[in-house]
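Okay, so the sequence shown: first residue is 125 according to the numbering used here, each after it adds one.
If you are wondering where the hints come from, they were derived from the structure by calculation, not from laboratory data.
Don't take every hint at face value.
[What the hints assert, rightly or not] Now the in silico label distances, taken between C-beta atoms and shown as ranges: (1) Leu153 <-> Gly189: 12 to 22 Å; (2) Pro190 <-> Asp158: 18 to 28 Å; (3) Pro190 <-> Arg166: 33 to 43 Å.
[Said to hold, decoys possible] Derived DSS-like pairs: lysine-lysine, alpha-carbon spacing no greater than 25 Å straight-line: (4) Lys138 <-> Lys181; (5) Lys127 <-> Lys177; (6) Lys177 <-> Lys129; (7) Lys181 <-> Lys127; (8) Lys129 <-> Lys181; (9) Lys138 <-> Lys127; (10) Lys138 <-> Lys178; (11) Lys127 <-> Lys178; (12) Lys178 <-> Lys129; (13) Lys138 <-> Lys177.
Yeah, the Cβ is synthetic: ideal placement off N, Cα and C, and Gly gets one too.
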Amino acid sequence: MLKLKAGAQVISIKNTEDGLVNGSLGVVLGFIVDVQSNSLERLPLVEFTNGIKKIVKHELWEVEGPGMYCNGRPSKRKSG
């Protein structure tokens, strides 16, 4: 799991509807408690170089293929 702290430099790896594009750079300003989730987890507040400030939520990326991993575990799909 990735651990962040205030002042960490981050980069967006996807385009969003609010003007961020893949490669947008930002700095973690602090953390906000997500009161909408049952876990009350802390999410990073990031200020990007284009001036956009955004609370960044978790993303789940799944990659599957021969010899690849899915969610940190070896893929169960067989190649061939």
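Hints versus structure:
no., hint, in the structure
1, Leu153 <-> Gly189: 12 to 22 Å, "violated (37 Å)"
2, Pro190 <-> Asp158: 18 to 28 Å, "violated (37 Å)"
3, Pro190 <-> Arg166: 33 to 43 Å, "holds (37 Å)"
4, Lys138 <-> Lys181, "holds (13 Å)"
5, Lys127 <-> Lys177, "holds (20 Å)"
6, Lys177 <-> Lys129, "holds (16 Å)"
7, Lys181 <-> Lys127, "holds (14 Å)"
8, Lys129 <-> Lys181, "holds (15 Å)"
9, Lys138 <-> Lys127, "holds (20 Å)"
10, Lys138 <-> Lys178, "holds (14 Å)"
11, Lys127 <-> Lys178, "holds (18 Å)"
12, Lys178 <-> Lys129, "holds (16 Å)"
13, Lys138 <-> Lys177, "holds (16 Å)"
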